[in-house]
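**Q** What follows is each chain in one-letter form.
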Amino acid sequence: MEVIPPVLPAFLDLGGTAVFALSGALLAARLKQTFVTCAFFALLTGVGGGSVRDALLGVPAFWLRDFWVLPVILAAALIAWFIPRKWWEGRWLEWADALGLALFCTLGTAKALAFDVAPLAAIVLGIVTGCVGGIIRDVIAGVPSIIMRPELYVTAAALTAASCAGMILLGVPQALSMAVAALAGFALRGAALIWSIELPSYSREV
Amino acid sequence: MEVIPPVLPAFLDLGGTAVFALSGALLAARLKQTFVTCAFFALLTGVGGGSVRDALLGVPAFWLRDFWVLPVILAAALIAWFIPRKWWEGRWLEWADALGLALFCTLGTAKALAFDVAPLAAIVLGIVTGCVGGIIRDVIAGVPSIIMRPELYVTAAALTAASCAGMILLGVPQALSMAVAALAGFALRGAALIWSIELPSYSREV
Amino acid sequence: MEVIPPVLPAFLDLGGTAVFALSGALLAARLKQTFVTCAFFALLTGVGGGSVRDALLGVPAFWLRDFWVLPVILAAALIAWFIPRKWWEGRWLEWADALGLALFCTLGTAKALAFDVAPLAAIVLGIVTGCVGGIIRDVIAGVPSIIMRPELYVTAAALTAASCAGMILLGVPQALSMAVAALAGFALRGAALIWSIELPSYSREV
Chain B
1 MEVIPPVLPA
11 FLDLGGTAVF
21 ALSGALLAAR
31 LKQTFVTCAF
41 FALLTGVGGG
51 SVRDALLGVP
61 AFWLRDFWVL
71 PVILAAALIA
81 WFIPRKWWEG
91 RWLEWADALG
101 LALFCTLGTA
111 KALAFDVAPL
121 AAIVLGIVTG
131 CVGGIIRDVI
141 AGVPSIIMRP
151 ELYVTAAALT
161 AASCAGMILL
171 GVPQALSMAV
181 AALAGFALRG
191 AALIWSIELP
201 SYSREV
Chain S
1 MEVIPPVLPA
11 FLDLGGTAVF
21 ALSGALLAAR
31 LKQTFVTCAF
41 FALLTGVGGG
51 SVRDALLGVP
61 AFWLRDFWVL
71 PVILAAALIA
81 WFIPRKWWEG
91 RWLEWADALG
101 LALFCTLGTA
111 KALAFDVAPL
121 AAIVLGIVTG
131 CVGGIIRDVI
141 AGVPSIIMRP
151 ELYVTAAALT
161 AASCAGMILL
171 GVPQALSMAV
181 AALAGFALRG
191 AALIWSIELP
201 SYSREV
Chain D
1 MEVIPPVLPA
11 FLDLGGTAVF
21 ALSGALLAAR
31 LKQTFVTCAF
41 FALLTGVGGG
51 SVRDALLGVP
61 AFWLRDFWVL
71 PVILAAALIA
81 WFIPRKWWEG
91 RWLEWADALG
101 LALFCTLGTA
111 KALAFDVAPL
121 AAIVLGIVTG
131 CVGGIIRDVI
141 AGVPSIIMRP
151 ELYVTAAALT
161 AASCAGMILL
171 GVPQALSMAV
181 AALAGFALRG
191 AALIWSIELP
201 SYSREV
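Chains as they are written, first to last, in our numbering: chain B, 1 to 206; chain S, 1 to 206; chain D, 1 to 206.
Pulled out of the complex, with its shape left as it was, chain B reads as follows:
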């Protein structure tokens, strides 16, 4: 195929990877694992979502021929390992994760559209790109998955992916669509972090 997938400016793309990788390595550190396991979790979390998206598209994983992705993940694992835990205690890691989520959902949606999939499928692939790395991290670590928590998370991913796909299909230039969609998703996830916004849970009599 001659598809040219869209690219984020490299610093954003690698920044999102680094943040997700950090979250994986920090979880492994909290579970008192070795450095090698920390690095493995950094990898699973950092490239998991994009790898599943690429497997669904039937193309080789994006990081196989990229020079920077894996070194960035290794660096994130080293940082998680050597910087004392208490430095991580504020909520800024959650903010960085929110940024990674917004960026990856946007990138996944735009890449799927470049492969000419149906609009709804592109939105789904965007959500998968943003959320699946964290799901894999949580499932393998044996902790409750992020998507089962009541705070808005998948919802922010869905808003990002849907607005990105909608704008691109309406003819808005791709870069502008991606920027607006990422901002919208980041704002929603940020609002959820600040005010603990939750969607109503299923609450019929059981």
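Note that these hints are calculated values from the structure, not bench results. The beta carbon of each residue, even a glycine, is placed where N, CA and C say it ideally should be.
Chain B stretches covered by chain S per the calculated footprint, using a threshold of three residues with CB under 8 Å from any CB of chain S:
no. : region
1   : 44-58
2   : 112-125
3   : 139-145
4   : 153-163
5   : 192-201
On the chain D side, residues computed to face chain B include the following (Cβ under 8 Å):
no. : residue
6   : A55
7   : L56
8   : A118
9   : I147
10  : M148
11  : P150
12  : V154
13  : L199
14  : Y202
Go by the hints and put chains S and D onto chain B.
**A** Relative to the frame of chain B, chains S and D by itself:
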């Protein structure tokens, strides 16, 4: 590739998808999740098995360019959300799931044979198509996986896939093979539901 | 693509598959599952790692057109089912698993290099080939994952894959590189088994 995969009549194919999606959405509702999470579980369960089959075949996932699959899944999530839980309480959802299992195992096996894989591998891909969506649903939800329960489930999938592959390879017309195999698997799973048939478990002294 | 992936001598390749399949079937037997579930676990464990590697490479799974892999897995499941559990009680199964790990990491790395991926990515794919089958087995069975245990496991996989990639890229003949790398990884994992060597765990104040 120029492979033309077999198709189920659309109402059966989408019916199987809808039933699996329903089972995912209902599990999420029982776990008191939000609507977005319900829809996400409907997606994982409805397309998980076929997606893994397609990734193993090295081809794009079947739902990327299909117009109906994702709307059906969204509709299933809405139905699960808005119809009171007690309506779901009979065992008819298990019967519908048995139908979905039989249909998807058949479809997966026939699609694999169309890609010219080895007979045993086609049977395995049929089982994967029928069972893996439910496995992913259970693993992410953190509940015991359906394949670990003693009732016949994987066994019904194996019967379906093996009889389908056997008949097609013996020259029985594809449509007839698929119909007979689906009926056989549905009958076995149904018998297991009615009489709680179980295979003997491993029971040597531990 | 015209890539000719490297092959292990068949008896080593199938031997590694058999050992991993055995470990999956024995886990299912310990959990008192039926024979069909045992065989399914044998399959997941025996081909899981290589299948994920192939999905990441964007190529069909290696076992789809192979005549021997699935019969070997079925045979492993039968052996696990019929040979009394106490015969398995020594540690020799762990030694066989160590051999499988070393062989599969080597094979995965060499196959990835044959597809011309970046060196670090080839190492990662080698580790994935060796470790992911066991991870899938543990996650679906609901037991703590092998990569979360303190003993050297992923580390032995990393040593194997890194030394294999390093030697091949330095021009050492492929067969020699693979043999030396597999021996090194097997020796490290074996040392970990004999002396319970562990890497230091993350131990900063929490």
